[in-house]
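Peer 1: Just so you know, the sequences run in chain order A, B and C.
Reminder that position 58 of the first sequence reads as 58 in our numbering, one-by-one numbering, no gaps.
Numbers in our numbering are just positions in the second sequence, counted from 1, shifted up by 1000.
Numbers in our numbering are just positions in the third sequence, counted from 1, shifted up by 2000.
Hints listed in this document are in silico derivations from the structure and should not be mistaken for laboratory results.
Quick reminder that beta carbons are idealized off the backbone N, C-alpha and C, glycines included.
In silico negatives: residues of chain A with every beta carbon more than 12 Å from chain C:
| hint | residue |
| --- | --- |
| 1 | Met1 |
| 2 | Lys3 |
| 3 | Thr29 |
| 4 | Val35 |
| 5 | Leu38 |
| 6 | Glu39 |
| 7 | Lys42 |
| 8 | His66 |
Straight line, CA to CA, 30 Å or less: simulated BS3-like cross-link-like pairs of lysine-lysine:
| hint | chain 1 | residue 1 | chain 2 | residue 2 |
| --- | --- | --- | --- | --- |
| 9 | A | Lys32 | C | Lys2314 |
| 10 | A | Lys42 | C | Lys2165 |
| 11 | C | Lys2654 | C | Lys2414 |
| 12 | C | Lys2165 | A | Lys94 |
| 13 | A | Lys32 | C | Lys2409 |
| 14 | C | Lys2210 | A | Lys94 |
| 15 | C | Lys2169 | A | Lys32 |
| 16 | C | Lys2220 | A | Lys89 |
| 17 | C | Lys2210 | A | Lys2 |
| 18 | A | Lys89 | A | Lys2 |
| 19 | C | Lys2390 | C | Lys2474 |
| 20 | C | Lys2688 | B | Lys1106 |
| 21 | A | Lys2 | A | Lys42 |
| 22 | C | Lys2409 | C | Lys2662 |
| 23 | A | Lys42 | C | Lys2169 |
| 24 | A | Lys23 | C | Lys2106 |
| 25 | C | Lys2414 | C | Lys2399 |
| 26 | C | Lys2414 | C | Lys2447 |
| 27 | C | Lys2169 | A | Lys89 |
| 28 | A | Lys3 | C | Lys2169 |
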Amino acid sequence: MKKILAVDDSASMRQMVSFTLKKAGFDVTEAKDGVEALEIAKSHQFDLVISDVNMPNMDGITLISHLRGLAEYKFVPLLMLTTESGLEKKSAGKAAGATGWIVKPFNPDQLIATIGKVLR
Amino acid sequence: MNIESLNAQLLENQELTPDTDADQYLSFEMAGEEYGIDILTVQEIRGWEQTTSIPNSPDYIKGVMNLRGTIVPVLDLRSKFGLPSVAYTPVTVVIILTIEQDNTNKTIGIVVDAVSDVYAIDNIQLKVPPSLEQNKNRQYIKGLAQVDESTLILLNLNQVL
Amino acid sequence: MSIDLSQFFEVFYEESFEGLDVMEAGLLELQPGECETETINTIFRAAHSIKGGSGTFGFTSVTEFTHVVETLLDQIRDGRRALTQTHIDLLLQSVDCLRDMLQALKAGEEPDSEQASLLKLQFDTILAGSLNLPKNGATEPTNEPTEETETGSVTGWLINFIPGKDILKTGNEPLYLIQELAALGELSVDIDLSAVGNLTEIEPEDCYFKWQFSLKSDCKREAITEIFEWIEDECEIDITQLSLNRNLPQPDLLAESEQTELINHPADISDKLSPAEVSTVSDNLTETDKASTSVKPKVTKPTESGSIRVGIEKVDSLINMVGELVITQAMLTQLSEGEFDDAKLASLKAGLAQLAHNTRDLQESVMRIRMLPISSVFSRFPRLVRDTSKKLNKQIELKLLGEHTELDKTLMEKISDPMVHLVRNAMDHGLEPADERIAAGKNETGKITLNAYHQGGNIVIEIIDDGRGLNTQKIRQKAIINGLINESDELTDEQLNMLIFEPGFSTADAVSDLSGRGVGMDVVRRNIQALNGTVELASTPGEGSIFTIRLPLTLAILDGQLARVGEHIYIIPLVNIIESLQINAQHISNLGGELDILRLREDYIPIVRLYDVFSHQPSTQNLTDGLLVVVENENEKVGIFVDELLSQQQVVIKSLEANYFKVDGISGATILGDGTVSLILDIAGVVKLSGLSARHHAMLATQAELAQA
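Modelling step: build the complete structure from the supplied sequences, incorporating the hints.
Peer 2: Right, here's the structure in full:
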């Protein structure tokens, strides 16, 4: 079973993402900010990390750059959840090593469809 | 029929949804008449036990009882229907059922003389005779049904409190 | 995959309300001109989350409104726009507006759009104004490519794809992208390996492949660009349209059916996700959302049962307690095995004591789960004080103490309004205008303090102002005019001050410096009493006033006195009871043949016979044979006559209304140790039922005469 780490400070979004992915047959772990996510990602290997951008303590872009710097996450797809207004964020994310992004708002079907691009 | 076997039968009947148009009715006796209520509204049947009376409540409200931690009012159906009251005996039972009152579901107990049986009654049998139209309890009477040799008065006890 | 999004609504509402509180608190900290980055970031994040969530869950009206709020915040955050007081005010109003909208949605109603549109207009005006820095071009809409978008005329695409060397290091996998393409239609793939050099020299982590795809599909261009969206900057991607009759052969019947089958699936994806152009994404998605039924918020009937978030340590402590309970239970079970002798009796007693201890601990822990810090109520006040001080043109400082004091969630919701009333009154009438304060030698900034702490089994909330204090003499005059007291009555200052809580003590115009203080104070007290609480007041002229609210920690449990009337057992809340006594016949007087009055020390206490009020058959009607429970009701002592008193115990309050109705004189029910139900008295209701209040004034007058006789 492929393991996904879902990071979002909003509990409802996190639950939605996690629920959707679990229903699609993935093994999902949740984290509420970048600090927690990094901690978890260091102790467990994931096949994909999906992270919100705007979060307290450590934002998604910082998280991605930290993860990409780890040997275990060199090739792992790292996706950010972002909003339409965040183009700068997308370039910043890519510069940090993000694989791609999912634009909010999205619905469960879109989420699953998008993940197909990086995880099969 | 004892209460335990009735409750068991109740459970069984509620689990088996009959695929015909017939509805299941629990029948009970009161002042020589046989009544029926939709089995799906019935939660359980209990023997009569002392209730705690509610001050300044109507005569037909016997009080409240403790149903596994929930406070449930108990109503004497004889008294509610204006039938002569009788002393409670070992076969006097309380039927716990869910009714709709002022748009909310309430759980209540009704005291009846005795519980008799469960019948499947085809909706076609439902009919209200003109003689009952003037009855003061008309609002609780859903119809009459013929079962074997006797007549069953089918009740709908919404708003009975 | 169908997922019912409504299951996440409750959490979304909860976190959104929290987010709004965070926004409000943050906004109140901000000063025009300043740019406290962390505060603005926090506010922005909260708005951003609400927007994201509402968009995802289909609450379009909220998303649209939050969007303008977020845009302004973003500009302020980036320093592109200087923060002004107007911004702060508008943002605060938006918080209120969003709260209303979410409340409506939560209740299953359509939110009122009028307020939002009015505010939105104001935002639009601000946002239309020039910025400090040029707006980032990226947020300007670019036009969607219009070529070849009509369906039917397109039969295929030719795609040249030269990935960047580092594509693998971004986590992208060309293979998956190709599979995505294949899902759009019939795909043929040509690979160009010319760039792959000597195997000993290549970097294993780099990508040397180039591809050419021809895709037989009537999909839109966006469906393809979208697949490459994430890597288009690093890669060369060239998409050319193949039109009918030219490069591709006419599909035969078989191919056509095959194609249709292939298209059915990809249509799901291609229609929903967005093209590369960022700005158009929102439009596309909004429309998709409208079309997609799974996203529409379902109008579900609001349930009264909210949810609470519980700290993990509370749950852990609960688990510990249950562990203890299990151990005790095991010990008792062991005792029951084998012969029973005297030695075991002592162990059994010890075991039962342990069990009682465990049960009490467990009960406390469970209750603690419902307890939340009072800060969620206190957090309302900075805003209230700010707005009111502006309105009154007074400088007011608010101090909050004991914010972490915990209180039952239900109580919290109910104590908020009375507190608002008291605080508003303190600001309006307690605190003097600046000039008056300076003249009195005080700091011109008035001070309101909210303080909360636990005391015994109660929570105490103090509302303290450093204003002028109550004018006791004017209260006295007013009370005499209103007939609350007699000219001759000797009352202490405290007693006089408490009169402001009396119904009918209106100070509207006669007592100018107190005006309004009396309005609704009786309501405040009634509301607090309805929570089994009390309110007291202490005031020092020239120095200020302290209102002290005392509440039980929880509404779920009550300390009760069991009392018997005939065969009926009722519970009298201990909090109401002043004393219980045996009646001395010599101290009884009878007024007009209907009302018995007991003289108790300096008080005259009207007697209410519970059997009478409840139409029960008592054991005795003779006052000297039963017992009198003296209770306090609206600051008046009343004696409740019962047959006898039984034990005192803590009872768990159960609702009588859930399956029955509200009963006059009864506040709820409980289940006693033997499993029977007992009803809990509502003292105010009992007194009202007895008809005592109506005759109260006449009686007081007579009582005074009697005292003189």
